[in-house]
Every structure is written in C-alpha cells, then in structure tokens.
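**Student:** Top line first, the protein sequences correspond to chains A and B.
Read in my numbering, the first sequence has 136 at position 136, and its numbers run on one by one without any break.
Quick note, my numbering runs 1000 ahead of the 1-based positions in the second sequence.
Please keep in mind that the hints were generated in silico from the structure rather than gathered at the bench.
Everything hinted at is true.
Under the rule of at most 20 angstroms between Cα atoms (straight-line distance), these lysine to any residue pairs were calculated in the SDA-like manner:
id: 1; chain 1: A; residue 1: K353; chain 2: A; residue 2: E417
id: 2; chain 1: A; residue 1: K88; chain 2: B; residue 2: E1075
id: 3; chain 1: A; residue 1: K257; chain 2: A; residue 2: C294
id: 4; chain 1: A; residue 1: K334; chain 2: B; residue 2: I1093
id: 5; chain 1: B; residue 1: K1089; chain 2: A; residue 2: A333
id: 6; chain 1: A; residue 1: K328; chain 2: B; residue 2: M1076
id: 7; chain 1: B; residue 1: K1002; chain 2: A; residue 2: S368
Output of the computed footprint for chain B on chain A, the stretches with three or more beta carbons under 8 angstroms from beta carbons of chain B:
id: 8; region: 86-100
id: 9; region: 228-239
id: 10; region: 315-327
id: 11; region: 332-341
id: 12; region: 348-357
id: 13; region: 367-377
id: 14; region: 381-393
Keep in mind the model is a prediction, meaning the values are calculated, not measured.
For every residue, glycine included, the Cβ atom is placed at its ideal position computed from N, Cα and C.
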Amino acid sequence: MELYDLTVYQLSDLIKSKKLGVAELTKAIIDRIKKIDGNIGSYITVLEEDAIKQSEKIQEKINKGTAKSPLAGIPMALADNICTKGIKTSCASKMLENFTPPYSATVYDKLLSEDTVLMGKLNTGEFSMGDTTGNSYYKPYKNPWNTYRVAGDSNGGGAAAVAAGLAGFALASDMDGSIRRPASFCGVLALKPTYGLVSRYGLIASAPSLEQIGSVTKDVTDCALVLNAIQGYDKRDSTSVNKGYTDYTRALVNDIKGMSIGIPKEYITGEVDPEVKKAVLNSVKILTSLGAECEEFSLPVAEYAASVYYIISSAEASSNLARYDGIKYGYRAKEYKDLLDLYKKSRSEGFGKEVKKRIVLGTFVLSSEYYDKYYKKALKMRTLIIEAFIKAFDKYDVIIAPTVPTTAYKSERKTKEPFNKDYMYTVPANIAGLPGMSIPCGVDKDGLPIGLHLVAKPFGESTLLKLAYTFEQNTNFHKNRARI
Amino acid sequence: MKFTKGTIEHIAELARLEFTEEEKEELALYMEKIISHLDKLDELDTSYVKATEHIIPLNNVFREDEVENSFDRDEMLKNAPEKGSGCFKVPKILE
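One chain only, chain B, in its complex shape:
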C-alpha cells in the first residue's frame, strides 16, 4: 500500500499532530513497511470468526450512590499547565 503525503497529513489531522515535510516522508515509509507486514493477516479467512472485544467477560458493576473519598479541586488543578480562578485555562474558543 502506497502512503502519499496527503494520506499522512489526513491521519495527522485526525490525531491532532503535525509533522515537518521530512517527518512526513519518514512516516510514509514507516507506514508502508509496517502495513506490508500487517497485510499478512489477509492470508486467513476470518469471515466466520467473532471479534474479541474483551478477553474477560465484563459485566456492569453497580454500587450504591454514596459519596466516597474524592479529590480537592486545587489538588486536581496542580498539574495543569495553566490555571486561574480555580479553573483550567484554555484559549478563547468563542468569538
């Protein structure tokens, strides 16, 4: 499978990443190489196989709606790169 600069740019946009022209070329090569290995899976017909979403049976777990130990607001803000007035600070998103 051929990876064009356009394909890499599209994936990067979806992943919220950006790359230099050089990195894009390197990534295209990486993807071509690795996908050629992954295509080996086509050898097997799996049309009749059910996909495994979880390896252990997962059931809903319910509990009483009781207040348990939680975190202090300041504690949760401690690692924020920018904060103010007890909030996370983000760039303006509305005009």
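Bound-form chain A, shown alone:
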C-alpha cells in the first residue's frame, strides 16, 4: 500500500510512532498532486510552501509531545468556498478570483488547532452550483476512477481529491447532496451533519438554510475523527445549535442487532439503474444478516423534494448573491456609465452561466406575483417533508436508499434538461436538516463505485456511524481505491 492509500488513523499511527515524518508525508502528497492533479483538477490552489512549513512546525510539536490530536500532521484540504485567512477563496468564480478573506471559517480554525496541514483549496462548481463538474470558472474536475467520468456535482473536488489520495480528508459544503453525490461517484464516504451541528461561520453560502459543512473521508473511522474535530456550538453562527460535545468514536461499534431500517419504495422503483438497485438491495441483505430489521415503506413526498429544492435554493441564492455588486469586494467591470450600470455589468461579467440562471429563477419565485405560488408553496412543502421524515423516524432508526440512482456518468453528458430529478435522493436531508451519509456499497460492471445513502433523525450522527461501521467491518467496499 502507498502512503496516499492510507486512512487518517493509519497515517496518525505512523506519525505518532515516529515511523513517518509529517514533512515527509506532506511532500509525498504534494508530489502526488503535482503528478496527477493536472488530470483530475481537484485543486484550485495548492499551498506547497505553506504546507511544508506547517508540517515542520507540527513535527516539532509531535516531538515535544504537545500535538495530541489524532488529526495531527494529517494533510487535508478545504473547498474553495470555506474562508481561509490570507489564502485566496474564490468559490470557483471569476467574481471572487482575487478575494483573500481577512478571517477564517470556524472549521478551519478548529482544524488548525488540531494540527492538521492544509494542502490547498478544492475545486467546486461556481458558488457550489450546478450538477455537472464543468461548472467551475477555472477548470472541470474529473473522477479518479475514470477520468472520462464526472466526479459528481457542485462540491465534488473533495471527493475527487480524497479518492485520488491527494488529501487525507476534505471538508466541503453540502446543500443538495453536493458532497454525498460525488462521494458516491468516487467511492469514498461523505457525511453531511445535522443542520446546526457544525458552524457555518466563514462558509460562503449560496443556500444557507440548506447548507452544512461536511466531511469526505476514506472510511467511517476517519469520519468520526473529523466530526469530533469540527462539531460544536459557535456564537458567530446564529444557526449553530448548542448540544455539547459528543465523542463520535464511541459510535464505532460493530453491532446493529435490533436496529430498525426503512427503505423508501420511491427510491428503489422507477428510474434506478439496475446495478445500483442490486447493490443497494444486497446491502440490505447484509444488514439484515447482521441483525438489523429492514423493511420497505412508502415516502410519497420524496417525489416532490427536487422541485422544493430548486425553488428554495434558487431563492436563497438570488438573495445571497445580491451582495456581489462590485463595490466592497469581488469583480468590478472595467467600463460602466453609472452606479446601476456598474452593478449590472460587474454581476453579468463576474457570474457564470449556471449561477445567473439560478439567480433568474430565484428572483422569479420571489417576485411579488409568484411568491405565493412558488416560494411560499415550497416552504409549505418543506413542512410536509419534515413531517414525513419525523413520522418515519418514529418507526425506523435509519432510512437507506441509493445516494444517486446511477454511477458516474460520462463527462460529455451535457445538461440539456435543466431539472435534475436525481436530487430527490439527497435533498430531503438538506430540506429537513437531517444528517445524511453516503458510503461505498459496490461497483458496477465498469468498475465504478456505487453509494449507499443513510439518513437519521436530527443529531443521529452516532446511529449513522454505528451502522456504517458495522457495514464496513463486515464488507470490503471501503477498501477499494481508485487506481490512478
């Protein structure tokens, strides 16, 4: 096994026992980035010198015995919509091409205090929008399993980087499955935590009521270690929830006897790829053999989730992105007649096509004539979706389904059809603020990974981790690595 194939806890053991130097590891990952990321495109910014300097400092702390975190010395990367003080944060947009935040996101501060090494900033869709990977202003990013396939959408740089061994783990934001869908396509694990569990301070949001910062890791133990580091109340985020500290590694227990699992019929009938369906039903069999009680049930509101998502996310994006006016920060047009023209030209030149489409849609659903018909209606549907999940969780501990009804598709598949129904699998977790996780559960005939999606009730992360850990202990899917 190569260094870049190892998990966070395996690397941590090597570092702690002085078999591996932090600088040596950092340099190995930098070399790998140089060697293969030209082909994958997972990074927008690589911090070679900073990372090596940081790794040397951390090594000193480890030698002195003052770096105690299991994440100490681990190379990690952050999506380019997470603010990093003094380091360019562009949201993969021309609008913020020259933006260097004067402050850091809380999650970055937390990871620094855990002595991790920031390798760079990851590629995303522009303002984490779009359902193809060609939506970054800078370059598309590709799937390490097969570079002719997409790595997934909107915030997939993290999944591509972790799958290719270009970072030990990654943080990125999830507003619609933005990290879970790429994790499914790239054969890694992504967790979108419960809304409010992880601070959003310093996340450049597009749809704040849907978005959470989550982790992308190689396996479930790594996921628990990272969640331990980034969780917690933050007074700088008004939507942060104070639940106290939970040690999520305590959920890493190989036992799901008696756990009740529901499989919504709506997610396994219809347009699901037969191989995906087979892998998911095979996972259900495995879970049943391990003592879980699995049954199908009906969740009719799922059919409406994608529509609700398009309305809410576009409405919030149109309002959130109003701040980009060419005055305080961001792109300013070179030529303009007056103030109004400055706004229009700066925004029209600074935003990419997909972002402008979403702003137009959002502005429309919020306009006074259509507010009730679309936006208000979506908020009411949001209530129905939340209620349907609360009801389901009276009976089930975890709801499982495919993360995406297909495996990674070919890069040239252009989105002629602007409405992507596949979001119905992942967006209910965003709409209802629930924790959602994607874990590898198989490969298709082309050798492309398939993801299993797990959802629990609010703050049920431990339940998800327990199920995923038990699944991992009894299968080998998480050990597959992209060969690149």
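Got chain A sorted already, so can you dock chain B onto it with the hints?
**Tutor:** Same frame as chain A, but now just chain B:
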C-alpha cells in the same frame, strides 16, 4: 407557462443582471422547462399547511454590549476593487 423576452428583461432588471438577445432566448427556454417541473407541486393541496421558515427553532440571542475583536479598516478595504482615502470608491450618485 410562457416566458416572453419582456418577462426575462423584467426579472433581469430586478436581479441587476443584463443579457444578450441570445441569452434571453436561452433563459426563456430554461425557465419554461424548469417551471413545468416546479408546477408539479400544484398536485398537493397545502392550504392547511404552515410554512417552515427555519428548520431549527431560532431565538433571539443577547449578549452584553462589550467591545470584541474587530477588523482594521485597511484590512476590510483590502479586497475592494477601487478605494481611496480609507473609503470604498463608487461612481458619483448625486448630481
């Protein structure tokens, strides 16, 4: 629902965006397509349902009015596309 050039221009004005004629046509088509999917929501009667504004209960959070760490003016101006005399620079707005 039909989107005319006029509707797109109206929305663009509200959003402080401008588009070429070609882009307007493309946007009209995009809107028609996507709205046809969103209209699926009409199937459900939600007249009795309360809208969810926030998924977690939000309460006012109060704190003492104490000075905390803040940013330097120059630091906040660093990312401004145009600045001068410690201010953001904008085109003249008063005659």
